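Assemble the whole structure, with the sequences as input and the hints as a guide.
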Amino acid sequence: MTERREMPEEIGARLELEWRSLLEAISATERSPLDLSPDRRVAVSRVALLAELEEVREEWKSLQGVVDEEMGARFANAAWTLKDLLAHLASWAREFGSEIATVARKESFDYAIPFAMSILGPNQWNEREVQARRERTLEEIFREFDEETARLQDLMIEMEEPLLYQPTPFPLAPSGNQKERLPVPPAFLVSGKCLHDRYHFAQIRKLLARFRE
Amino acid sequence: MIGAKEEGGSSLENRVLRARSRGEMSADAAFEALFQEYRRIVASWLAVRVDSGSVDDLAQDVWLIFYGRFRRWEFGTEMESAEARPVLSFLFRTCQFVARGHLRLARSRRSDPLEEVEEKIAASGPDTLLRDLEAAKALSLARRICPEEEIDVLLAKLAGMSAREVATTLSITEAVVDHRYRDALSRLRSKMKVGS
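Protein chains in written order, with the working numbering: chain A, 1 to 213; chain B, 214 to 409.
Honestly, I wouldn't trust all of these hints.
To be verified - Covered stretches of chain B, going by a simulated chain A footprint (3 or more residues, C-beta under 8 angstroms): (1) 225-234; (2) 241-255; (3) 272-282; (4) 351-365; (5) 378-392.
These are calculated hints, taken from the structure and not from any lab test. Model, not experiment: these values are computed from the prediction. A virtual CB, placed ideally from N, CA and C, is assigned to each residue, including glycine.
Here is the structure:
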């Protein structure tokens, strides 16, 4: 008897049937994050942090595909060009990577980054780091961010469990007093890094849309 | 039911997002409606990608990530299209990243002989759940023989995402979406016989 291969559309239909069976059979959890207490509704497991860092890297790659030197030279705000804004993200990627690596080595910090608690962040530090990157090419800035974010992913895999969730005095000093540094668990710092990146990515996307008008 | 349409052809997601953007629904009520609508899809997407013992935990990660994001959700112009489902697209992408993170973590643990994870992985292969489901032969086969980028397209299309949505979510063109889908079917066709 001759065997007949299914046609692609028959296979497509079969897959759809199987998919519907899977949807019906799967024991999907009914535990909604809303069932957790509000302070536990945060995605800080190692896998969640790896996923958020991966998302940030993908978004960064897509920016790399569209931002050229000419765009990079255009102003993003009164003080910074788009390239400066990208350098700002690269500088924080390096800083966060270095801070988490320090905690992973069980070492402490001998410096602080003071800033008044505001949406503007630590202005002096930001300005110094952006200035330090002015001579670099866009390619170097893109590479720095990606390598440092990849380093954070490695650290999320390697870091000892207690260290990852233990409140640690990082260099950020929100009161402006260098001796009053911010105690946060490293996992939350990494989550905050992703939030910071996404905040600026949204700004950059809007900026690119304006450039194209 | 997923994909169910009301008058005007808009999906439940679209209606929830519109209601939320107009302040007619609280953030929590809107989140819960979306959770109930998509929790089976999220679990199924994960079940095709990872060991069955990890699906619940990873689904929880996906939903916690979405919970954090939904509180700052920007209701963009995509809502003007009745077909657009930005939440489903977001969940799809997040499942991808979470599964990737899980597999990377599992691989690193496997290289450590002292870790219990190794035993867990050995006990439940990547598609145990699919193997257990008699109905999922083609899906299980697809998981084994198709490259990840074809699985991505297959799973998105099975969940009812349009080629345009899949293309936008994966940052590829619609032509590439179609190409990968056809390649996956051809790959399956070469391995499947009628009645199998």
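### Task
Establish whether the coverage given for the region 351-365 of chain B by chain A is satisfied; the threshold is a Cβ-Cβ distance below 8 angstroms, and no fewer than three residues must meet it.
holds (count 3)
### Query
Residue count check for the region 378-392 of chain B against chain A: does it reach three with CB-CB under 8 angstroms?
Coverage by chain A is violated for the region 378-392 of chain B (1 residues, Cβ < 8 angstroms).
### Message
Using C-beta distances, would you say chain A covers the region 225-234 of chain B, given that this needs three or more residues below 8 angstroms?
### Response
Result for this restraint: violated, n = 0.
### Query
Within the region 241-255 of chain B, is the number of residues with a Cβ closer than 8 angstroms to a Cβ of chain A three or more?
holds (count 8)
### 8 angstroms C-beta criterion, at least three residues: is the region 272-282 of chain B covered by chain A
Holds: 8 residues of the region 272-282 of chain B have a Cβ under 8 angstroms from chain A.
Hint violations for this structure: numbers 1 and 5, all remaining hints satisfied.
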